[in-house]
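Spelled out from the first residue to the last, the chains are:
There are 2 protein chains.
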Amino acid sequence: MRVSIIGSGNVATHLSAALKNAGHHIIQVYSLNQQNAGLLAYHVKAEAISHIAQINADTDMFIIAAKDDAIESIAKQLASYQKLIVHTSGATAMDVILKYNLQAGILYPLQTFSKTRELDFKQVPLCIEGSTEDITIRLEQLAHTISKHVSRVNSSERKILHLAAVFACNFSNHLYAIAQVLLVENGLDFNLLKPLILETAQKVMESSPVKVQTGPAIRNDKKTMKAHLGLLDRHPPLQQLYEVLSQSIIKMGNGG
Amino acid sequence: MRVSIIGSGNVATHLSAALKNAGHHIIQVYSLNQQNAGLLAYHVKAEAISHIAQINADTDMFIIAAKDDAIESIAKQLASYQKLIVHTSGATAMDVILKYNLQAGILYPLQTFSKTRELDFKQVPLCIEGSTEDITIRLEQLAHTISKHVSRVNSSERKILHLAAVFACNFSNHLYAIAQVLLVENGLDFNLLKPLILETAQKVMESSPVKVQTGPAIRNDKKTMKAHLGLLDRHPPLQQLYEVLSQSIIKMGNGG
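If you're matching them up, the sequences are chains P and Z in order. Numbering of the first sequence is given in this note's numbering, commencing with residue 208 and proceeding in unit increments. Numbering of the second sequence is given in this note's numbering, commencing with residue 208 and proceeding in unit increments.
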């Protein structure tokens with residue numbers, strides 16, 4: 208397939224590389240950041256452009272991998288080419304494309320990307336939606352060439368997935384950051400905690416998280432929870448966080 | 208070394224097996240739960256007992272791997288044998304042994320254990336404390352035979368480590384559980400989220416979590432946060448959790 212990429216950030220970088228490696232042709236990489244566009248275009252043997260006027264219309268689809276806020280205005284500008292326009296956002300409805308362009312779709316990779324971190328794209332779950340059955344099938348076929356995990360997910364389901372990902376991943380990462388702050392301010396090494404962080408994540412690859420919940424809250428161990436709140440007395444916001452999370456664990460129990 | 212194990216739960220099981228595999232002799236396994244004691248004793252070729260009166264005094268140390276609340280009373284009962292008594296708890300001070308027995312120590316494995324899940328004990332960080340330098344050295348020597356990661360950690364540092372572990376692990380696991388609830392109640396498969404959970408944990412093996420924070424809060428993306436709160440309108444406690452965690456991320460920023 209002939210694909211044009213709009214954007215040069217983390218998602219654009221990994222998605223372009225995966226498409227290129229699967230034998231597709233990346234026609235152009237468009238980004239307002241000329242340097243990023245040039246670098247990515249070089250890696251995937253595409254043309255780098257930084258003005259909409261330079262768009263090459265000889266493409267099968269435009270994939271917008273840009274900031275959520277920018278998707279709608281880009282879709283509006285690309286609508287005149289009458290090609291399939293796809294975005295990659297978890298939090299953005301298909302409507303923002305559909306109101307300018309009838310051929311619309313989503314290709315949402317449910318993963319966290321960093322440019323400098325290698326990742327096996329075949330393992331990335333890809334959530335697909337199309338404005339017609341024909342488009343959905345075309346996107347599924349494309350997705351199967353780069354990932355082993357392709358699912359149809361509609362816009363309302365995708366919003367829930369994105370919300371769940373914020374809990375499981377963005378918020379978890381923040382808890383790792385809090386742990387690091389607590390260790391560092393007491394002269395302890397964050398490395399001590401790393402095996403436990405990894406094992407906690409690996410455990411839920413096989414077990415339901417609610418069933419493997421451990422710690423003072425699930426035991427309703429009031430003495431330990433009180434001691435922990437005492438240790439946090441210089442961090443009132445962390446005390447609040449500790450209490451809200453512990454109450455939530457107690458409420459959920461081991462049953463779901 | 209000749210070691211007696213008090214307890215037959217997750218920590219007792221993995222620690223006994225690691226000690227046995229390293230060539231130490233497990234003399235007895237004591238547990239009020241006769242069946243658990245028998246099973247563990249069978250695996251590590253020890254004698255199973257369920258009455259304190261059956262204790263064999265011909266041992267180098269007692270390792271108490273029991274519930275936090277039970278440690279003190281067990282230590283009190285074992286004091287008459289005048290042997291080294293060690294506990295494995297993150298949240299319990301050495302004092303609870305020391306007030307009955309001068310030879311006291313800690314061997315705290317900073318990991319989450321399940322009986323049915325295999326684990327490379329060599330990778331488990333072991334935090335050591337002894338009531339004398341001589342005891343600390345003996346415990347370090349023992350610890351080095353079963354793990355590659357042995358650190359001296361005093362009682363107040365250990366409390367901080369335990370608190371940090373609650374944030375990074377117990378609370379993270381609860382966030383996975385919340386994500387699962389959100390997916391299941393919308394007919395979505397928790398498996399979709401697993402690669403992202405694992406990658407989020409793997410990322411911080413190499414990068415400082417505060418520097419790789421992603422998501423709507425760190426971007427201060429009010430529109431997405433508001434939409435997420437709307438999706439949670441049937442779960443007021445989760446709305447509160449979402450807000451408290453998002454505010455905490457905004458406050459910490461990318462700088463620490």
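Derived from the structure by calculation, the hints contain no laboratory data. A few of these clues could be false.
[Said to hold, decoys possible] Pulled from the structure, derived: some chain P residues nowhere near chain Z, Cβ distances all over 12 Å: (1) 286; (2) 310; (3) 413.
[To be verified] Residues from chain Z shown here face chain P by an in silico Cβ test under 10 Å; the list is partial: (4) 330; (5) 385; (6) 389; (7) 404; (8) 415; (9) 431; (10) 444.
A virtual CB, placed ideally from N, CA and C, is assigned to each residue, including glycine.
(request) Just pull the numbers of the violated hints for me, sorted ascending. (result) Checked against the structure, the only hint that fails is number 3, while the rest are satisfied.
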